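Here the protein sequences line up with chains A and B, keeping their order.
With my numbering as the guide, the letters of the first sequence map in order to residues 1 to 296.
With my numbering as the guide, the letters of the second sequence map in order to residues 297 to 592.
Mixed in with the good hints, there may be bad ones.
Some chain A residues close to chain B (C-beta under 7 angstroms, calculated; not the full set) [to be verified]: (1) Pro33; (2) Pro34; (3) Met96; (4) Leu125; (5) Ala130; (6) Ala133; (7) Cys144; (8) Val157; (9) Ile164; (10) Arg168; (11) Leu169; (12) Ala170.
It is worth saying that the hints were derived from the structure and are not from the lab.
On a predicted model such as this, the values are computed, not experimentally measured, just so you know.
From the three backbone atoms N, C-alpha and C, an ideal C-beta is built for every residue, glycine too.
2 protein chains.
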Amino acid sequence: MTSFNLDAYLNAQQQRVEALLLSRTEEVASKVPPRLLESMRYSLMAGGKRLRPVLCLSFAEAVLKQSTVSRVVEDCACALEFIHTYSLVHDDLPAMDDDDLRRGRPTNHKVYGEAMAILTGDSLLTDAFALVAGGPEPVRAALCRELAEGSGSWGMVGGQVLDIADDRLANIDYLTRLHRMKTGALIRAACRMGVLSAGGDEDALRRADIYGDAVGLAFQIADDVLDVTGDASSLGKPVGADAAAGRFTFPAVLGLEESKQLAASKVAEAIAAVRTLEPGDGPLAALARYSVERSS
Amino acid sequence: MTSFNLDAYLNAQQQRVEALLLSRTEEVASKVPPRLLESMRYSLMAGGKRLRPVLCLSFAEAVLKQSTVSRVVEDCACALEFIHTYSLVHDDLPAMDDDDLRRGRPTNHKVYGEAMAILTGDSLLTDAFALVAGGPEPVRAALCRELAEGSGSWGMVGGQVLDIADDRLANIDYLTRLHRMKTGALIRAACRMGVLSAGGDEDALRRADIYGDAVGLAFQIADDVLDVTGDASSLGKPVGADAAAGRFTFPAVLGLEESKQLAASKVAEAIAAVRTLEPGDGPLAALARYSVERSS
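The task is simple: from the sequences and hints, build the whole structure.
What follows is the structure, given as structure tokens:
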């Protein structure tokens with residue numbers, strides 16, 4: 001078994017995504033009010049794991065058997081990061097989580113004000129669809145549908161509503177549904193969009209679906225576990241913040257050990273699903289493991 | 297010249313749009329958290345002129361020469377109202393216009409709280425694209441592009457940013473650009489989407505473009521004029537509210553008479569553009585006149 005170097009791969013893909021984000025925003029710069037463009041880029045270029053675009057690129061590469069991808073794939077990768085970024089900008093607002101810092105930098109509304117932060121999020125969300133729909137290829141309609149379903153009222157935003165609901169339930173079914181929607185739906189969409197934008201077949205799409213669902217859940221369980229066992233300096237926030245905020249977490253509902261076991265079984269399920277797409281040890285298997293083995 | 301009965305037409309189209317909005321939200325109801333669905337519907341079903349969906353339907357009907365339209369057209373009509381409604385929900389937020397009432401009813405955030413109002417707007421915005429992308433027809437990609445470009449950072453949201461900018465300019469060029477983006481871009485998209493979704497040709501699309509641009513601007517000028525000359529009970533807000541809020545308006549920049557003349561010339565331009573699409577006096581000409589002759 002070859003040893004796949006995930007660090008180098010992730011680093012290269014993250015740089016690729018960041019170059020794409022700069023280039024796509026540059027293409028429309030002359031039409032966008034300068035202050036809005038600045039604010040969008042402030043949040044887009046604030047670092048992060050770029051997990052969703054990397055998953056999209058990696059699935060496209062697995063389907064194409066090469067690292068060169070079409071503009072459609074790149075547009076999808078950027079759009080996924082636009083959506084993820086808008087969700088962070090809106091999440092940080094005073095009426096939501098009221099966070100002053102994100103990855104060690106002042107949050108968007110601390111720099112640009114609340115009104116601009118709302119509009120910046122709205123722009124990133126809308127422009128994500130302009131990116132995905134921005135070309136003549138007929139597949140772009142299906143890609144818009146994937147993106148919208150992963151991020152709308154029965155995807156990510158629906159999950160956020162379940163997360164802030166007064167009548168939320170401290171049981172595993174509610175927690176699983178919440179996170180399948182809040183985090184899982186967009187991660188799943190990222191995997192499916194990678195396959196679709198690269199012209200993959202039904203079997204590849206089904207495998208991306210299983211992988212995305214499993215990795216999405218594993219990723220969130222790992223987040224909750226890190227909040228209990230992690231290191232504050234790696235996390236960039238205090239350990240135990242979820243518990244202090246009265247959040248339902250997997251460790252709180254299942255216990256720490258059972259949570260870790262559930263995450264590990266999800267990783268195994270994800271890796272099994274993509275074995276035919278990726279023979280040997282490649283980025284998809286490594287990314288699945290990374291979803292729970294990271295330190296932040 | 298036949299006398300077209302706009303009141304009856306508008307009334308029928310508004311009822312049709314409202315039935316479609318209920319039906320489309322019903323179709324996804326089982327997947328959406330109930331409180332979110334309720335909040336989305338609270339704002340969607342709060343009345344209003346339904347101008348954007350009506351323009352979309354009317355252009356589709358003009359292209360098809362019949363009032364029966366396909367599901368693609370109806371999806372576009374609903375999506376346009378989803379986008380318009382989300383923009384009102386976010387505009388009313390405390391960090392934006394801080395309005396307690398909209399059309400005589402408490403604004404979304406007064407009923408559901410700020411966090412839910414932000415998420416409700418995000419849902420409506422995202423689900424608009426799920427509607428437009430929600431079928432197998434290849435034209436849906438182009439329709440998503442029209443909707444995104446009309447409402448994103450170089451369309452509606454970009455215009456809102458220009459409207460709240462500290463360095464905004466009290467001259468006609470700035471004011472025209474602002475309103476072309478803030479109100480005009482989505483109205484233009486509504487007209488173009490009506491043509492595209494009905495399979496209209498390039499000539500019809502070009503005519504919809506000219507009409508939409510002219511009606512969009514006329515509509516906004518009329519809004520500003522009504523703020524000076526209107527009747528508070530029809531408007532549902534005090535006369536002179538724009539001036540009191542220090543807003544740049546067409547009457548403030550051009551004077552009242554020149555503003556009215558500009559609006560009238562835009563209406564004439566719009567009607568001339570659609571003459572070949574609509575021989576005689578029909579809904580498109582009547583809607584263009586209505587854009588400036590309304591009382592609210």
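Checked hints:
no.	hint	verdict
1	Pro33	5 angstroms, holds
2	Pro34	10 angstroms, violated
3	Met96	5 angstroms, holds
4	Leu125	6 angstroms, holds
5	Ala130	4 angstroms, holds
6	Ala133	4 angstroms, holds
7	Cys144	4 angstroms, holds
8	Val157	5 angstroms, holds
9	Ile164	6 angstroms, holds
10	Arg168	10 angstroms, violated
11	Leu169	12 angstroms, violated
12	Ala170	17 angstroms, violated
In summary, the numbered hints that this structure violates are 2, 10, 11, 12.
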